[in-house]
Amino acid sequence: MNIHEYQAKELFAKFGVPTPEGKVAETAADARAIAAEIGGQVVIKAQVHAGGRGKGTFKNGFQGGVHLSGDADEIAGLADKMIGQTLVTHQTGETGKVVNKVMVAQAVDIEKEYYLAVLMDREGRCPVIVASQEGGVNIEEVAEKTPEKILRSAIDPLAGLQENQIHEISAQLGFQDEIATQFAGLLDALYNLFLSCDCSMVEINPLVTTPDGKLLALDAKFGFDDNALYRQPEIAAMRDTSEEDPREVAASEYDLNYIGLDGNIACLVNGAGLAMATMDIIKYYGGEPANFLDVGGGASEEQVTNAFKIILADTNVKGILVNIFGGIMDCDVIAQGIVAACKQVDLGIPLIVRLEGNNVEAGKETLSRSGVNLIAADDLADAAQKAVTAIAA
Amino acid sequence: MSILVQPDTKILIQGITGSFGGQHANLSLEYGTQVVAGVTPGKGGQLFADKVPVFNSVKEAVAETGATVSAVFVPPPFAAEAILEAVDAEVELVVAITEGIPVMDMMRVAAKMKESSTRLIGPNCPGIVTPGEGPQSSGGCRIGIAPGYIHKKGSVGVVSRSGTLTYEAVWQTTQLGLGQSTCIGIGGDPINGTSHLDILKLFNEDPETESIIMIGEIGGDAEEEAAAWAKEHCNKPIAAFIAGATAPPGRRMGHAGAIISGGKGTAAAKKEALLDAGIAVAQTPSEMGSTLAKIL
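One line per chain: the protein sequences are A and B, in this order.
Once you know that position 361 of the first sequence is 360 in numbering that gives the first Met the number 0, the rest is easy, because the numbers rise by one and skip nothing.
Once you know that position 66 of the second sequence is 65 in numbering that gives the first Met the number 0, the rest is easy, because the numbers rise by one and skip nothing.
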């Protein structure tokens with residue numbers, strides 16, 4: 000789940016990670032008011048779930064999703080050119096993203112930029128702090144070219160962040176005196192936020208020092224543990240479905256584990272590993288998967304119908320491959336679900352079904368008696384090949 | 000001998016009175032598994048399926064029945080606690096089936112288990128099966144949610160992050176007549192109790208296991224770690240399959256641990272590591288059994 004920059008800023012404010020003064024605006028008038036309130040030089044930033052905003056272009060011709068100005072009226076004019084418009088950046092793809100909100104914040108003079116992040120290290124099974132004096136640049140490039148410039152410090156999950164750890168990181172970043180004191184507070188607050196919000200990652204890039212001696216987080220990227228959203232209602236409420244693939248939004252409403260891709264052969268599978276392998280084998284035989292879809296162990300008739308509806312709403316889809324290895328799932332239950340779904344939605348495209356496992360004979364029988372126009376396959380290779388052939392016909 | 004569980008291993012099921020736990024308790028019993036106890040706090044004294052006593056705590060269940068393994072079928076908000084309860088009761092093995100446990104909960108479980116001799120398998124896993132000698136492999140030990148009948152007592156050790164992909168490999172090796180010694184689902188979560196490497200080491204020492212199928216997927220470096228060890232130390236032929244060659248980067252593909260992060264954890268990198276270690280890699284999931292058969 001992604002969040003907007005202004006929401007990240009709100010989280011920082013809540014936990015005491017210092018950021019430049021700023022607020023979110025949905026209208027040009029609000030933007031003007033915030034700019035006037037802050038006073039002096041401010042930055043106006045389009046709020047979209049994508050990077051590269053500064054260099055992006057709006058479809059109305061306006062250049063750049065990030066601008067500076069010391070004039071509140073000018074800020075209002077800039078907001079007018081952005082709000083409701085579509086911004087295309089190197090991360091949004093050609094369709095771009097509609098800008099519904101802008102953030103207006105104090106423009107800050109930067110003395111030096113740093114990188115600071117807290118991540119969950121799966122191999123170490125613990126949180127790790129990543130820090131570098133190379134801030135404001137692509138950290139992956141730094142990791143590749145000058146890895147010695149990146150400091151990693153593992154945190155013991157039971158003991159927590161230790162004082163001596165904070166001091167060491169601070170020293171390695173070259174902080175002293177006042178700034179070092181501010182850094183200690185910031186890092187503590189950041190780690191507390193990381194734990195409290197069940198984050199998988201919080202990245203501040205850049206973290207900056209200003210000429211007047213302040214330490215501020217200028218930008219933030221968050222990753223959240225989806226498994227923990229049930230206990231993070233405030234975070235869950237930050238979800239902006241207008242920033243997501245509409246197919247995926249629809250799927251999540253039906254509790255379907257679905258990821259949209261660009262291809263034309265749709266899949267419906269039980270089990271994530273098998274679902275990935277089904278996408279892989281389609282590609283292996285020359286096709287392009289349209290989606291990942293794991294119906295899990297509980298694919299009821301309703302879920303199968305809903306899944307078909309979502310698949311068919313994707314105009315790219317030219318064929319559907321259903322691959323089920325029924326463990327506890329009864330193949331006949333799936334078969335009946337398919338038959339019922341086909342009665343409700345007008346298929347119109349080839350349907351290839353491979354069933355194996357629990358009660359498979361009854362399942363195959365149900366399908367053949369149903370009169371539904373489908374292609375039966377014996378094993379996964381057979382199914383994938385038939386799917387690729389069927390859509391080419 | 001198979002690994003970790005034998006047909007006579009005594010199992011208790013935490014969450015046996017829930018519908019999911021109960022359904023699979025019944026299937027395990029049908030298979031011939033020695034399910035000797037259930038644990039649901041507050042339901043102690045009940046009898047599940049007219050034969051399995053239910054206790055309020057794991058400690059009580061262990062004391063009364065001598066169970067050495069626990070299967071955890073407890074919903075995500077309480078599952079980590081349930082695992083730790085079993086660890087405290089000093090069971091030898093905990094198999095956590097639950098999908099959806101918050102990563103931080105598992106981080107804490109892993110930290111607390113460092114000094115413990117209890118082994119954890121999972122979470123978010125289909126469990127373990129050691130096939131039996133009866134019809135359709137009944138009479139064995141089935142912990143978790145796998146269909147029993149697809150197995151056959153035999154010589155292939157199967158270790159996998161994915162449930163249904165495991166069933167494919169099991170079914171293929173059953174049809175080839177090879178059968179399985181033990182099948183272990185280690186689960187799809189990023190922080191788990193047991194890795195591919197841990198299981199490879201056990202299979203390597205097990206006289207009944209003559210060859211191994213290893214199934215992995217994108218995310219993390221467990222497969223690379225296992226491959227590096229196998230290259231130097233494994234005496235038995237290994238065939239592998241890695242799911243997710245077509246997965247887009249940065250997306251969580253169903254399993255919480257199936258994510259390509261910062262360019263790391265790709266299927267291609269894993270395949271390269273496996274091939275470098277002399278492990279045969281199946282091109283498609285329908286060729287796992289045949290890929291193994293070719294190198295035997």
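Hint data in this document are derived by calculation from the structure and do not stem from the laboratory.
Please note: incorrect hints may appear among the correct ones.
[Unchecked claim] With a straight-line Cα cutoff of 27 Å, these simulated DSS-like cross-link-like pairs (lysine-lysine) come out: (1) Lys111(B) - Lys235(B); (2) Lys263(B) - Lys220(A); (3) Lys9(B) - Lys282(A); (4) Lys111(A) - Lys282(A); (5) Lys144(A) - Lys293(B).
[Stated by the list, open to error] Only part of the chain A face toward chain B is listed, based on derived beta-carbon distances under 8 Å: (6) Arg121; (7) Leu214; (8) Leu217; (9) Tyr283.
[To be verified] Okay, the calculated bits of chain A under chain B, using three or more residues with CB under 8 Å as the criterion: (10) 181 to 189; (11) 250 to 260.
Every residue gets a Cβ at the ideal spot worked out from N, C-alpha and C, and that includes glycine.
Status of the hints after comparison with the structure:
1. Lys111(B) - Lys235(B): 34 Å, violated
2. Lys263(B) - Lys220(A): Status holds; Cα separation ~19 Å.
3. Lys9(B) - Lys282(A): 45 Å, violated
4. Lys111(A) - Lys282(A): 47 Å, violated
5. Lys144(A) - Lys293(B): 43 Å, violated
6. Arg121: With a minimum Cβ separation of about 4 Å from chain B (threshold 8 Å), the hint on Arg121(A) holds.
7. Leu214: Where the cut-off is 8 Å and the nearest Cβ of chain B is about 26 Å from Leu214(A), the hint is violated.
8. Leu217: 21 Å, violated
9. Tyr283: Holds: closest Cβ of chain B sits about 6 Å from Tyr283(A), inside 8 Å.
10. 181 to 189: violated (count 0)
11. 250 to 260: holds (count 3)
Violated hints for the displayed structure, listed by number in ascending order: 1, 3, 4, 5, 7, 8 and 10.
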